[in-house]
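Number of protein chains: 2
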Amino acid sequence: MRIALLAAAAATLVSANTAFATDLAAAAVAIRDRALADTTAWDVTESLTTEVGARPQGSPAMDRARDWGVAKLKALGFENVHVETFETESWLRGAESAEVVAPFPQKLQILGLGRSAATPAGGLEAEIALFRSYDELLAQPPGALKGKIAVVTEPMRRTQDIRGYAGAVRARSGGVEAAKRGAVAYLVRSISTDDTRLPHGGGAAMSGIPMAALSPPDAELLERMVARGKPVRIKLAMASTYRAKAPAYNVVGEIRGREKPEEVIVIGGHLDSWDAGTGAVDDAAGIGVTTAAAKLISDLPQRPRRTVRVVMWGAEEQGGSGGAYAEANKAEVPNMIVAGESDLGAGEIFNAKLPAGSLDHPAMKAFAAAVNPLRVIISRDPAQDGGADVAGLKRLGTPVVELQQDAGRYFDLHHSADDTLDKVDPKELAQNVAVWAAFVYTVADSDIDFRKTASVSQ
Amino acid sequence: MRIALLAAAAATLVSANTAFATDLAAAAVAIRDRALADTTAWDVTESLTTEVGARPQGSPAMDRARDWGVAKLKALGFENVHVETFETESWLRGAESAEVVAPFPQKLQILGLGRSAATPAGGLEAEIALFRSYDELLAQPPGALKGKIAVVTEPMRRTQDIRGYAGAVRARSGGVEAAKRGAVAYLVRSISTDDTRLPHGGGAAMSGIPMAALSPPDAELLERMVARGKPVRIKLAMASTYRAKAPAYNVVGEIRGREKPEEVIVIGGHLDSWDAGTGAVDDAAGIGVTTAAAKLISDLPQRPRRTVRVVMWGAEEQGGSGGAYAEANKAEVPNMIVAGESDLGAGEIFNAKLPAGSLDHPAMKAFAAAVNPLRVIISRDPAQDGGADVAGLKRLGTPVVELQQDAGRYFDLHHSADDTLDKVDPKELAQNVAVWAAFVYTVADSDIDFRKTASVSQ
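Note that the protein sequences, when read in sequence, are chains A and B.
Taking this note's numbering, the leading residue of the first sequence gets 17, the next gets one more, and so forth.
Taking this note's numbering, the leading residue of the second sequence gets 17, the next gets one more, and so forth.
Pulled out of the complex, with its shape left as it was, chain A reads as follows (with noise of 0.2 Å):
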């Protein structure tokens, strides 16, 4: 009978998984625990902030970052430690100042946009044309906007996810139709859900005029002032440097695999980060957690089959890095496992997005079994492209892991200089590490292939 002997197939098949997935399982429960109660993703976090602090790529302090990479891997006893030196874009902020001066003078509050060009010397003088949506902006037609600062006061909407980000940051690059359009100069209202007096800056598309975050508080000012008729005139004075080739660093260290070392998990964080915070959710934690994760699996017993490879990657925020790491590593792509960044902050996991169709694998049925307590809710869509980084080596065909931060807070620190260590929960950092942590143990120590997975889902 087909079919009886079809279902006796399947339950050899099942018993072998099941005893298979519950070692793992155990093993996933295990880690997850021991990763609760660790402090090394704290400390890594700490360390960073404190000992680094700031670190934009192509300045001194980067190269302080890159050393300090190195020093903490080989202490935490990482092998294969090194650097790999690429180049990509350096802008680094001057002073910078804004003020109106009429109709009613008062000092604003601005952070220059990455690849924002400087005015002259002694700064720039114009009336602004304020827009408060994006699109009315988008709306003027040639030459509308000539001789004028553009500004767009759009604000952004909290989210639990990167929803809200995602559909208020192309405001950021409004430079550019700005200048299309005549304008001397571009302010844009943070990309942001704070409410302080601190603006939150980021890169932009170079425009070839000067380009600045406004505070929240600082656009509404304007669109009051506005509201009132008369002209609004601003002093804008902007210095910086910008070379389109520095040099740059991703600092990588591994846990060899005991049985097939070959083959390899990367995970990591971005070791970069704008100027004016010390970099601490965007990205140190992100460090503290990939680091920590594969630390705690270097310390187990026995190593897992396949390597673990920590990758710190040295300019996301000003972007290369994970395309110089993807290029520099090519010919290793098909026996890469999984990629995945932690870039979205401090704040718990709350949901995992699994590479297509790996749903059902024990393997993921043991990572789901770990985290489902800590409160991960499984995705039943797929991860997509695995955070800037990684999204370079998913193009050449590695699978991606997507472990999503909630996100509430995260855009009240983003990118401003409120991005400091005393943001970070330890608590919720240790939740970060432990969902790592059980992730990739149940891929290193078992012989999941994403790329069938996916084929069969397919």
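Hints in this document: simulated from the structure, not taken from any laboratory.
Note that this is a predicted model, so its numbers are computed, not measured.
A couple of the hints might just be wrong.
Unchecked claim - In the EDC-like style, the derived pairs of lysine to aspartate or glutamate whose C-alpha atoms are separated by at most 20 Å in a straight line are:
no., chain 1, residue 1, chain 2, residue 2
1, B, LYS246, A, GLU67
2, A, LYS90, A, GLU67
3, B, LYS123, A, GLU112
4, B, LYS123, A, ASP79
5, A, LYS123, B, ASP438
6, A, LYS251, B, GLU67
7, B, LYS468, B, ASP376
8, B, LYS369, B, ASP397
Once you've looked at the hints, dock chain B against the given chain A.
The following block gives chain B in isolation, referenced to the frame of chain A:
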């Protein structure tokens, strides 16, 4: 029967008082409800923060604030609008910067304190001596801080009232004690409950050395650096200008009483502000609330018996406006019925401290009945000094009132760049107006004499 006669006499008294208080109580309730629906306080607060913004004593912005105050009072229909000029200190900020130069170079966020000395033009650099409690600094022997930058990082407790601030604020003037012990500069953790990277300034006793507030995250960063055991060196550069006597202005307007215009109720807020924010909660809100309360009374079909006077004190932050006002108006003190200042933010009034012995007076019963539904506690404790700008009047014999605001959030904002309009809740502001209007009206349209109630109570 003596007892029956007394009871009858008491009944007559109560009856007369009840009739009187019933009218007054109904009027107080009516003006309370108009206040809750009125936007004048918001409009005034919005106008001052938008059209003037930061207005430190002795600055050109303070001149604009003075002119704004005169114009606003006239536009709202106040009488006898005038400016009382006096002289007091003026400390104005110049360029400021601070950075750790060793062992971990990082920029610090500071805000110079009022009366701070400037550094030499090129700045000064020294090792720090860090104390986690102010008492630790006080315990240092003479000479112990020679050549050092003294740093105090004691944090402030959040309380609903002024207690947290009162307990912590002495450290802001610690420069005096640091200088006595040989320190070359003084840095203090912001006297604040905030956790943002915005430092909170304020006035400090003159010490002869540079003095600045650190943002809370920066104070904690220094604590972590010091914990690593290596000497921490800071470079500090601060410029400022100080005048012991600079022109200053109290702006005054009145609603003249219909029966006893010479009897005056003095209320107000302070017109000056620190320079980092826009002086919204400190103290445009107080100006808005008291101006609106008086305006609502002036809108009644008939004027109250007594005069209601609004004073916009011009130098609360740097000191002197209350003393100058009392000195200039001391001949009038016997006719000043009561004085009160609104200067603890824009949170709801939760506790009313009345002049001593007045709780049982029908006018105050009418007030209490009007504001109890707004969750105002009528305190058994009498008002003390009434606030910085009325303490001088109090010393000359004027009764004072304290309508205490919930300050739970105030010290997140106070004296920082974050003191902006968006932090003011229009509904909470209207509650303040309702309480002030009810109080002022019940005093202005009655014959309550707080000097007599005080003598009865003693």
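Going through the hints against the structure:
1. The hinted pair formed by LYS246(B) and GLU67(A) meets the criterion: a straight-line CA distance of about 12 Å does not exceed 20 Å.
2. This hinted pair checks out: LYS90(A) and GLU67(A) have alpha carbons roughly 17 Å apart, not beyond 20 Å.
3. This hinted pair checks out: LYS123(B) and GLU112(A) have alpha carbons roughly 15 Å apart, not beyond 20 Å.
4. For the hint linking LYS123(B) to ASP79(A), the alpha-carbon distance of about 17 Å falls within 20 Å, and the restraint holds.
5. Under the criterion of a C-alpha separation no larger than 20 Å, the hint pairing LYS123(A) with ASP438(B) is consistent with the structure, at around 17 Å.
6. The hinted pair formed by LYS251(A) and GLU67(B) meets the criterion: a straight-line CA distance of about 17 Å does not exceed 20 Å.
7. Among the hinted pairs, LYS468(B) with ASP376(B) is consistent with the structure: their alpha-carbon atoms are about 13 Å apart, no more than 20 Å.
8. Between the alpha carbons of LYS369(B) and ASP397(B) the distance comes to roughly 6 Å, so the proposed pair stays at or under 20 Å and holds.
Violated hints for the displayed structure: none, as all numbered hints are satisfied.
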